[in-house]
Every structure is written in C-alpha cells, then in structure tokens.
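> First to last, the protein sequences are chains A and B. For the first sequence, the numbering used here begins at 652 and goes up steadily by one. For the second sequence, the numbering used here begins at 652 and goes up steadily by one.
The hints are simulated quantities; they were obtained by calculation from the structure and are not laboratory data. Any given hint could be a false lead.
[Unchecked claim] Covered stretches of chain A (in silico footprint by chain B; criterion: 3 or more residues with CB under 8 Å from a CB of chain B, positions within the stretch not fixed):
no.	region
1	756-762
2	765-779
3	805-811
4	826-837
Just so it is clear, CB atoms sit at the ideal spot from N, CA and C, and this is done for glycine as well.
There are 2 protein chains.
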Amino acid sequence: MPRIVDRVERRTAIAAAAADAIADEGIEAVTMKGIADRAGVTTGAVTHYFDDKDEVILAALLFVDTAMRVRLDVALERSQSLVDALLAALPNDPASRRDWRVWRVFTDAASRSELLMSHYRAANTTWLNTATHVLAEQLGGEPDRRDAQLVVAVVDSIGDTASADPTSWPEERQRQVIEHCLDRLDVAVVPPSAGRGL
Amino acid sequence: MPRIVDRVERRTAIAAAAADAIADEGIEAVTMKGIADRAGVTTGAVTHYFDDKDEVILAALLFVDTAMRVRLDVALERSQSLVDALLAALPNDPASRRDWRVWRVFTDAASRSELLMSHYRAANTTWLNTATHVLAEQLGGEPDRRDAQLVVAVVDSIGDTASADPTSWPEERQRQVIEHCLDRLDVAVVPPSAGRGL
Numbered sequence: 652m653p654r655i656v657d658r659v660e661r662r663t664a665i666a667a668a669a670a671d672a673i674a675d676e677g678i679e680a681v682t683m684k685g686i687a688d689r690a691g692v693t694t695g696a697v698t699h700y701f702d703d704k705d706e707v708i709l710a711a712l713l714f715v716d717t718a719m720r721v722r723l724d725v726a727l728e729r730s731q732s733l734v735d736a737l738l739a740a741l742p743n744d745p746a747s748r749r750d751w752r753v754w755r756v757f758t759d760a761a762s763r764s765e766l767l768m769s770h771y772r773a774a775n776t777t778w779l780n781t782a783t784h785v786l787a788e789q790l791g792g793e794p795d796r797r798d799a800q801l802v803v804a805v806v807d808s809i810g811d812t813a814s815a816d817p818t819s820w821p822e823e824r825q826r827q828v829i830e831h832c833l834d835r836l837d838v839a840v841v842p843p844s845a846g847r848g849l
Numbered sequence: 652m653p654r655i656v657d658r659v660e661r662r663t664a665i666a667a668a669a670a671d672a673i674a675d676e677g678i679e680a681v682t683m684k685g686i687a688d689r690a691g692v693t694t695g696a697v698t699h700y701f702d703d704k705d706e707v708i709l710a711a712l713l714f715v716d717t718a719m720r721v722r723l724d725v726a727l728e729r730s731q732s733l734v735d736a737l738l739a740a741l742p743n744d745p746a747s748r749r750d751w752r753v754w755r756v757f758t759d760a761a762s763r764s765e766l767l768m769s770h771y772r773a774a775n776t777t778w779l780n781t782a783t784h785v786l787a788e789q790l791g792g793e794p795d796r797r798d799a800q801l802v803v804a805v806v807d808s809i810g811d812t813a814s815a816d817p818t819s820w821p822e823e824r825q826r827q828v829i830e831h832c833l834d835r836l837d838v839a840v841v842p843p844s845a846g847r848g849l
C-alpha cells in the first residue's frame, strides 16, 4: 500500500477509536493510551499521528461528522422514502448511536473552543443546506429554508434523545414523529419517485 | 433562620455553583474545591452536604431542571403569546444559557448512569406532558401528543444549538423558527387570551 494511503488509513482508524472512546467513556475519561488500546496500536503510534489529545478529539469529531453525512447520503440514495432515509440516519444501530453521542460531545466542546466552534458552525450550515435541497426535491417547488430548519431541528432532537435513551426511543417512535412532522409540512411520506431513489 | 431552611438553602447554593462550573468548564474539569470556591464556602462545607462529586452533579442537574421548569411556568403566566413564553424559556440570558448547557451535559451523563437516566426520562416525560397541555389550551381542542412532541423537539434543538452557539442563534432567529413551527401546527401565534396570560 502506498505510504500516503497507509498514513490516512491509520489516522482514520485512530480517529474512529477515539470516537468509540468518547461515546463509551465520555470525553473526560479519554486518554491517549485508551485510544491506542482501542485502535490496537501503541501509544507511540497515536502520538506519531497526533500532537495531543485535543488533536485526536478534533479528528474524532470530524470523522463522526463525515460518517453521519455519508450515512444520510447513502440512505437518501437507497431508501424508499424520505422517512426511511431519515430513520437510517438516526441512532438505530451501534455505529450511528456512537456518532450521535459524539456529536453531542462536539456541541458541548465547541462552546469552549474557537477551532471546534468553526467546524460545528460549518457542519450545522451544511446540514441545513442539505435538508433544504432534499425538501425542495420532494416538494418540487422553491426550497423553503424555514421548513428545512424544522426538519433539521426535529431530527437533531430525536437523534440526541434517542442516542442517550434508546429504550424510550425505539425506531417506531422516531418514525411516528418524523411522519407527523413531514405531514405537517405537507411533504408526501411516500413520494412519486419511491423505489427509484430520491 | 430555622436550621432546616438553612440546610436546604445551602445545598441549593452549592448545586447552583456546581451548575455554573459544569457549564463553564465542562463536567470533566469540575472539582469539589472549584465548586466550593464558586459557592463561596469551604471544600469541607461541600463535603458536609454531598458525599461525592457524583452527588453534587446530580443536585446540579436537578436544580437546572427545576430552574428551566419554573422559567417556563413564569413565562407562560406572563407572556403575551406562546412564542414569547417559549423564547423566555430558551437560552436568551446568562442563567438560561447555563441551564441549557448543563442539560446537554445531563443528557450525555444519563447514558452512563442508571440513576441519572431515571431522572432524565422523568424530566422528558414531564416536558412532553406540559407541551401537550399548553397546546391543548391554545388550540382549544383535544390534546395532540404528536404536535406537542414536535414543539418539544424544535425547542429542544434550538435550545441545545443556541446555548452552544449564541452568535448564530440570536433571539430573532429562534422566534422565526418557533413561529413557523406553530404556524405549521395551525396554532395562532397570538391567542385570543393575549394579555391575560395563557
């Protein structure tokens, strides 16, 4: 494997391990050694790729943001309906649950770090743009940023609460809230293009 | 002052100081000494009222939940409209911003503690019940728990994001989203009872 690919893959594997550690233990309990153990590498390997804990944590947050984005893109491509796509992006499997928990930590940490805040803001703007675009496609009219903001808020709150308390928020409850939200926005729950992707 | 009142007041003052510490520094940086310093008491006074850091943190979380609830109740009583009441409950002043930040920490900590989770669940159920009741009053019909869940989700997401990033979420932006949400739910933004409380 070319050296540059190897380097990127190793950094990514360590970032993913750091995301696992943050979700399981909380950001306060994360150590370079704990991350190394999870990634199956030495602490020296972690410090080779990252200067300090803050840098690994930033990498973990960016990794999670990318993972959530890719998960939604794939779901939008494959799902029968917008509701199914949003459910696929919500914390209904271990990887997604981890990502939502890390996102919450990201939100909290951003309020204490300008670097993290700039990433947090950019990520939120991108999510809103994505929702605006997707809703416009569904409705076939002008994009309505206010409707998109409501969908983002509802999905954000469900993801946050369901990742903390999955017992109270099984997928069926999530589905009911999202269907009701789209219904209130006059978005057809099963669009004409169902089965041919969104 | 009777001893029992004194005891309750001191515990509350320490819980409030712990909430400040959690919001400012993050849960990981909170120490018994730091809480004592903020409360203007000795570390011995903190350990007199609380066995350990976990117990102070629980007290801080319950204090914040109560503060948020009282703030909404007062706002519902005094505001000209439901929108104004919700804005008064959102992070638009330092105390409320602190409470929302602590609530986010509560959500994260609950996923790692059965004791916190039971309080977190109970609090969420109570918020949903309150929203259901308030919306039924506004609409004058049968309470609709699905609409109430949407309002709770939208307020929750705005509070979470605005407390982390107040610059991107001035009160006017919050107002636009809430008004649009209530509009989509066919709730009159200024109810017939405006000016006489809700």
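> Check the structure against each numbered hint from earlier and tell me which ones fail, lowest number first.
none
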